[in-house]
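Here is what each chain is made of, one letter per residue.
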Amino acid sequence: MARKKRKVSEINASSMADISFLLLIFFLVTTSMNVSTGLSRRLPPPLPPEQKPQDIDINKRNIFVVKINSENRILVQNEELNIRDLKEKAKEFIENKDNDPSLPVKFKINVPLIGEVDITKEHVISVQNDVDTEYQAYIDVQNELVRAYNELREELSKSKFGKSFDELNEDEQKAVQTVYPQKISEAEPKNYGGVK
Amino acid sequence: MAQIRKKEKREAPALSTSSLPDIIFMPLFFFMAVTTMKEVTYKVKVTPPSATELQKLENKSLVRYVYIGEPMQQFRQQVGSATRIQLNDQFADIAEIESYVTLERGSMKEEDQALMTVSIKADKETRMGIITDVKQALRRAYALKIIYQAGARKEF
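Top to bottom, those sequences are chains A and B. Here this note's numbering is used: the first residue of the first sequence is 1, the next is one more, and so on. Here this note's numbering is used: the first residue of the second sequence is 1, the next is one more, and so on.
Bound conformation, chain A alone (with noise of 0.2 Å):
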């Protein structure tokens, strides 16, 4: 019985580049190089070498110290705060609701599409660190100081502009930067005693 050489019917392959170039162009499109994302600051400028570091002359009630231990812990104007309930702190002083004389200086100011407002103008955010804190803890104070700040031009611009702030243009953006300046020392380091 001889049997019939079978023939391997062919796949009809012309699709076959419709398809690899669909996916190619989906990932194409979809895939990011891994960005790295951080928190931006700005350093002082160096002090020329002969001048000593010294305490600018800042009205007391306009700054806010945040202090950080060799065990993480934090110390707000005095008194030791959870990291959770120092962006809600932090919020307030830079806002200063109520005009309290404890709080933060207000200046009248006429901004550019916002009109006139009290703004806590000369408020500064002063971050004080131990040499042997951990860098995990610095960045979480950071954090939850940019986050106070990011709140409150939120709040702003969704009270002024209807909008959130991503959403706004450049001048309003600006706008409500300068409502809330962002102003986050980085302190001359100092060596605060501690048993190590």
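Derived from the structure by calculation, the hints contain no laboratory data. Cβ coordinates follow ideal geometry from the N, Cα and C atoms, glycine included. Possibly wrong hints are sitting among the right ones.
[Stated by the list, open to error] Think about it this way: if two alpha-carbon atoms lie no more than 27 Å apart in a straight line, the pair counts; the simulated DSSO-like pairs of lysine-lysine are:
no. : chain 1 : residue 1 : chain 2 : residue 2
1   : A       : K121      : B       : K124
2   : B       : K60       : A       : K174
3   : A       : K91       : A       : K163
4   : B       : K145      : A       : K183
5   : A       : K108      : A       : K121
6   : A       : K163      : B       : K154
7   : B       : K56       : A       : K174
8   : A       : K87       : B       : K145
9   : A       : K91       : B       : K154
10  : B       : K56       : A       : K91
11  : B       : K154      : A       : K158
12  : B       : K56       : B       : K109
13  : A       : K106      : A       : K7
14  : A       : K60       : A       : K87
15  : A       : K97       : A       : K60
16  : A       : K121      : A       : K91
17  : A       : K91       : B       : K60
18  : B       : K56       : A       : K183
19  : A       : K174      : B       : K145
20  : A       : K183      : B       : K60
21  : A       : K87       : B       : K154
22  : B       : K56       : A       : K158
23  : A       : K183      : B       : K9
24  : A       : K163      : B       : K56
25  : B       : K56       : A       : K87
26  : A       : K87       : A       : K7
27  : A       : K60       : A       : K121
28  : A       : K89       : B       : K124
29  : A       : K183      : B       : K154
30  : A       : K160      : A       : K87
31  : B       : K109      : A       : K87
32  : B       : K154      : A       : K89
33  : A       : K158      : A       : K106
34  : A       : K121      : A       : K7
35  : A       : K7        : B       : K154
36  : A       : K60       : A       : K183
37  : A       : K163      : A       : K87
[Said to hold, decoys possible] Chain A is faced by these chain B residues, among others (derived, beta-carbon under 10 Å):
no. : residue
38  : K9
39  : L103
40  : K121
Following the hints, position chain B against chain A.
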């Protein structure tokens, strides 16, 4: 009754190559998905801290990196296990940061020099002492734009 078969040349069916593109594209996609551009060979172990309010690092050509962390296992013999700084592909001292920044800035185009950013990529368990030293060195070198590199996370 043996039948003598004539030895006829049997042809193997032609190998179908229609699946070749698939096979080629499969590894292509695989590599596309898993590749990340590498900046340098790490000599120190860096697990960046995490944060929520992140900004993207724009314009990578303007960024220079300072790595801070504990040396990798294979370098412990030579340099010990204390936290070290890495610049480019080498271990460095605090004192070298200033000249590194100046050198790197010199190699940039003039209009870009003011925009130079230094990215501090430090391990999350690093002590702040060394980071403060690095920051002071950067200030002396007038590299005032810095970014603390951090990964994303949800709330606490």
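Indices of hints not satisfied (ascending): 1, 13, 17, 23, 26, 31, 34, 35, 38, 39
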